[in-house]
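Chemist: Here's the letter readout for the chains.
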Amino acid sequence: MVCIEITPNIYWNGLNDRTSDLFEGIWPITKEGVSYNSYIIVDDKIALIDLVKGIKTDDFLSQIEEVVDPTTVDYIIINHMEPDHTGMIKTMQKVAPNVTFVGSERTKQMLEKFYHLNTNFLVVKTGDKLELGTHTLEFYDIPFVHWPETIATYERKNKILFPCDAFGSYGALGGSIFADEYEDLEFYKEEALRYYSNIVAKFSRFTLKAINLIKTLDIEIIAPSHGLIWRNPKEIVDLYEKWARYGTETAGENGVTFLYASMYGNTEKLMGAVAQGLSQEGIPIKIFDVARTHVSYILPYLWKYRGVVIGSPTYEAKLFPPMAYVLDMATSKRVINKEVIRFGSFGWSGGAQRDLEPRLDKLKWNLLEFYEWQGGPTSEDFQKGEELGKRFAKHLKSLHLERES
Amino acid sequence: MTKWECMICGYVYDEDAEGVKFEDLPDDWVCPECGAPKEDFEKI
Ligand SMILES: Cc1cc2nc3c(=O)[nH]c(=O)nc-3n(C[C@H](O)[C@H](O)[C@H](O)COP(=O)(O)O)c2cc1C
Ligand SMILES: [Fe+2]
Ligand SMILES: [Fe+2]
Ligand SMILES: [Zn+2]
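Same order as they appear, the protein sequences are chains B and W.
Basically my numbering = 1-based index in the first sequence + 74.
Basically my numbering = 1-based index in the second sequence + 8.
Honestly, the hints are just simulated from the structure, not real lab data.
For every residue, glycine included, the Cβ atom is placed at its ideal position computed from N, Cα and C.
Please note: incorrect hints may appear among the correct ones.
[Stated by the list, open to error] Computed from the model, here is a short list of chain B residues facing chain W with C-beta under 10 angstroms: (1) F218; (2) P222; (3) R279; (4) F280; (5) S406; (6) R408; (7) K436.
[Said to hold, decoys possible] The calculated lysine-lysine pairs, modelled on BS3-like cross-linking and capped at a C-alpha distance of 25 angstroms, are: (8) W:K51 with B:K436; (9) B:K263 with B:K105; (10) B:K276 with B:K316; (11) B:K343 with B:K308; (12) B:K168 with B:K105; (13) B:K438 with W:K29; (14) B:K187 with B:K164; (15) B:K276 with B:K343; (16) W:K46 with B:K436; (17) B:K187 with B:K233; (18) B:K119 with B:K203; (19) B:K276 with W:K51; (20) B:K276 with W:K46; (21) B:K263 with B:K276; (22) B:K233 with B:K119; (23) W:K46 with W:K11; (24) B:K316 with W:K46; (25) B:K203 with B:K276; (26) B:K468 with B:K343; (27) B:K263 with B:K168; (28) B:K283 with W:K46; (29) B:K436 with W:K29; (30) B:K392 with W:K46; (31) B:K438 with W:K11; (32) B:K127 with B:K187; (33) W:K51 with B:K438; (34) B:K392 with B:K438; (35) B:K289 with B:K343; (36) W:K11 with B:K276; (37) B:K343 with B:K316; (38) W:K11 with B:K436; (39) B:K289 with B:K164; (40) B:K438 with W:K46.
Make the full structure from the sequences, and use the hints.
Modeler: Spelled out as structure tokens, the structure:
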């Protein structure tokens, strides 16, 4: 793409990545892509805010050349050390050997360890300012959103916040870099929740802290380092705040993440019956075959829906391994406050339920009931499954009503 | 010799080394590494 002006003398200088398959080496982005947004401020001093992953070096430098000579860059602000924003650091230091990097004390230490550079470094902490001429940058520590060294940068003249990963999303940018220029934001909002649940969710408490902090600033534009730029910042802040609360205090939305897996179809058969029971009660459900769906796509539903159904057969006296993996991931991401039922087939002496219960204790999820049967389900099992689904839906609806009133 | 791990950042609180049982720490004690509250710790 080309450099795009956001406000006079402040430019988006990002890269779209449509060819990487995995973000952070784990999260699929083959279909969705991702953007690494870097920004340029041209003033008496020239500053770049965040860099990009170490790809498309020529494109990155050419884009800078559209507005300034890259060798004259004075400052590079490192909001966050993760290599998706610092991969271009060595290149930039070679191009502009007199550049001063700016970041937290922690970033200074990590920069040395990650890139072994001998550089000028300006350490900043909350409230510190950097004058560029008519523009002034201010820095705010937002630790653990989602790494310990993270800061956000605020440009006071144009009231722009550069929060790096916070308020970011997957999804390469389409025709525009601005959210308000899209007819339909559904794709980006979904990808923002997937990104949140994959990367930020575990640190929801810190995210809320960061949100409270930035609420003390007068912000007109939020320019994150992944995804769209928001000239209506409330829209994305409200979403992030809602999601962060799911991870700290409030229970999620009324709905069910329906996880199942099946080796030969016995558990799958009852899946249909349980889902029917749920649907008859008119509750939103999202069904995932956990053996065939990457956990990246499951986490956003686990994050937002209050209910979880676990349909898993016994496998070598334990849960079916892909199910165990999804639950491990939910534990690691600190998915909390869920209501749960389970069903599943076993062949001789079972074991899945015994394996599940300590996992649920660890998750602090509330198991209401479970239903197991040997081998293929009978018509009686089908009926029991449907009733199980209905009871669960009624339970969730009553919790939901309780909360509404 | 009980140890407690911060589920957020991985910091380990070692009761032996600290000389204070985790349960005996005040309720407003927070993880020295990341600031997470006591409830984010689990026994390891
Ligand atoms: C999502 C994520 C979480 C991380 N969590 C930790 C952590 O809790 N503690 C730590 O010391 N490093 C953590 N790291 C930093 C990595 O261990 C570090 O970047 C390392 O150099 C990665 O090695 P690799 O390039 O072989 O993957 C994390 C990195 C990422 C991307
Ligand atoms: Fe990051
Ligand atoms: Fe990032
Ligand atoms: Zn911690």
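Chemist: Which of the listed hints are not met by the structure?
Modeler: 11, 12, 15, 17, 25, 27, 30, 35, 37 and 39
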